[in-house]
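Undergrad: Here the protein sequences come in this chain order: A and B.
Using our numbering, the final residue of the first sequence is 320, and nothing's skipped along the way.
Using our numbering, the final residue of the second sequence is 138, and nothing's skipped along the way.
Hint data in this document are derived by calculation from the structure and do not stem from the laboratory.
Misleading hints may appear alongside valid ones.
As the list claims (entries may be wrong) - Listed below are the simulated PhoX-like cross-link pairs for lysine-lysine, each with C-alpha atoms no more than 25 Å apart in a straight line:
| # | chain 1 | residue 1 | chain 2 | residue 2 |
| --- | --- | --- | --- | --- |
| 1 | A | Lys290 | A | Lys162 |
| 2 | A | Lys196 | B | Lys109 |
| 3 | B | Lys23 | B | Lys52 |
| 4 | A | Lys108 | A | Lys196 |
| 5 | A | Lys107 | B | Lys52 |
| 6 | A | Lys108 | A | Lys162 |
| 7 | B | Lys23 | B | Lys109 |
| 8 | B | Lys23 | A | Lys107 |
| 9 | A | Lys196 | B | Lys23 |
| 10 | A | Lys108 | A | Lys159 |
| 11 | A | Lys161 | A | Lys196 |
| 12 | A | Lys196 | A | Lys107 |
| 13 | A | Lys290 | A | Lys108 |
| 14 | B | Lys110 | A | Lys107 |
| 15 | A | Lys108 | B | Lys79 |
| 16 | B | Lys23 | A | Lys108 |
Being a predicted model, the structure only gives us computed values, none of them experimental.
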Amino acid sequence: MPALKRVAVVVVAAIIVAALCSMAFAEAPVKEVVAKASTVPWWVWPLSLFVLTFVLGVVAVLGGVGGGVLFVPIVGGFFPFHLDFVRGAGLLVALAGALAAGPGLLKKGMANLRLALPVGLIASACAIVGAMIGLALPTNVVQTALGITILGIVGIIIKAKKSEYPDVAVADPLSTALRITGVYHEVSTGEDINWKVHRTPLGLALFIIIGVMAGMFGLGAGWANVPVLNILMGAPLKVAVSSSKFLLSITDTSAAWIYVNNGAVLPMMVVPSIIGIMLGSMVGVRILAKTKPAAVRYIVIIMLFFAGSRALLKGLGIWN
Amino acid sequence: MEKKVVATEEQLRYAVLLSYGMKIGMAMLLISFAIYALGILPPFVPVDDLPKLWSMPVHEYLETTHIHPGWTWLTMLNKGDFLNFLGVAFLGGVTVLCFLAIIPILIRKKDYVYALIAALEVTVLILAASGILKSGGH
């Protein structure tokens, strides 16, 4: 599979470059890092960011994860940017991806407004709280919590089951009252799939936590949205994935505004990252049509594990 | 002939507006970044100083650069870096416009619960965008 090999080579190269950059600054205290960083021409960093986010865009599509969850720990761990700016950029990267995908998913009926609106309201309100907490807490605390969260996400990706068509015998009273139900056309079988959901109160409650974490870490939240919508609430996998992607456009908007209004958005970081990840996603979609991306899932897991460990050790002051 | 599932009226309205909004916002971001990166408009923070600043916590960065957070960027659009906030703000406002556009449809359909949810969502997003909510810093 030459396409897959090419992706693997690019990813490994990106990790090596990132690790080398990191090692170059690893032992130096903050002031030295600033001094060293200032000796590198300014344009090297946005250019590196563009290259890295392009690769992340490819990998994110093939690995079935959002860009934000890769962006924050990797850029936060291996670039000289402060975590405040990384999280602000991470939210805008995830937001741009969600805004780009949202219209198509809504038009096809894959993302569902009736499912996304109630959970989106809760998640977006809580994302504001999360963003404010994240900007108020000491950096090492956020960094440590980020590392633990990323390692937890690795566990979720490895362990979480997925169900194409979960069995929902009876819709719960709340989802019945809200008429959270729908039908989508499954192209592979030519069938129209009717679906409904259950355990809505618990699902809504979990979106409080998801919203806070999305805002606090700037991660996007597809990694948490999908299991809750699919496994817990019983939405079909494609509806859960699509509604989750659309949902990010609501959740990340509210959190992103907090970062913008608190000055934690640097255009020199944000724009190259958005362009890189969107171009990478386009290439990823093309590769996805030609290859089986199972191996990329393991690359994503390894990248997240490495970046999560780095964030945790950095937060604990073990690997600065 | 293949049967086609059609999304609801409010979902389609939302999708169309989101599509236009995303394209306009991205175009704004690309143009403003080109103006910034090519030095067509001088930046408020010189690009050569950025590597010394972006490793600082945000409150320290704001103190060092004397930048006032919030909506003050609107008064500094003649600076290349702050010009980019037009596109960022537009992308941040698209969702509000989409929700505002579907509220009349939901009311016409007598779907008052979802009209209320959409109105509450608009309130949450406007509150987030207002700049009223400030973080304590660290």
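Undergrad: If a hint holds in the structure, say so; if it does not, say that too.
TA: Verification of the supplied hints:
1. Lys290/A with Lys162/A: Given that 25 Å is the threshold and the Cα spacing comes to 23 Å, the pair holds.
2. Lys196/A with Lys109/B: holds, 21 Å
3. Lys23/B with Lys52/B: Violated, at about 34 Å.
4. Lys108/A with Lys196/A: holds, 18 Å
5. Lys107/A with Lys52/B: violated, 46 Å
6. Lys108/A with Lys162/A: Holds, at about 22 Å.
7. Lys23/B with Lys109/B: violated, 30 Å
8. Lys23/B with Lys107/A: Judged against 25 Å, a Cα distance of about 16 Å means the pair holds.
9. Lys196/A with Lys23/B: violated, 33 Å
10. Lys108/A with Lys159/A: violated, 30 Å
11. Lys161/A with Lys196/A: holds, 19 Å
12. Lys196/A with Lys107/A: holds, 19 Å
13. Lys290/A with Lys108/A: Within the cut-off at roughly 23 Å; holds.
14. Lys110/B with Lys107/A: Holds - the C-alpha atoms of lysine 107/A and lysine 110/B are around 22 Å apart, at most 25 Å.
15. Lys108/A with Lys79/B: Violated - the C-alpha atoms of lysine 79/B and lysine 108/A are around 41 Å apart, more than 25 Å.
16. Lys23/B with Lys108/A: Satisfied, since the Cα-Cα distance of roughly 19 Å is no more than 25 Å.
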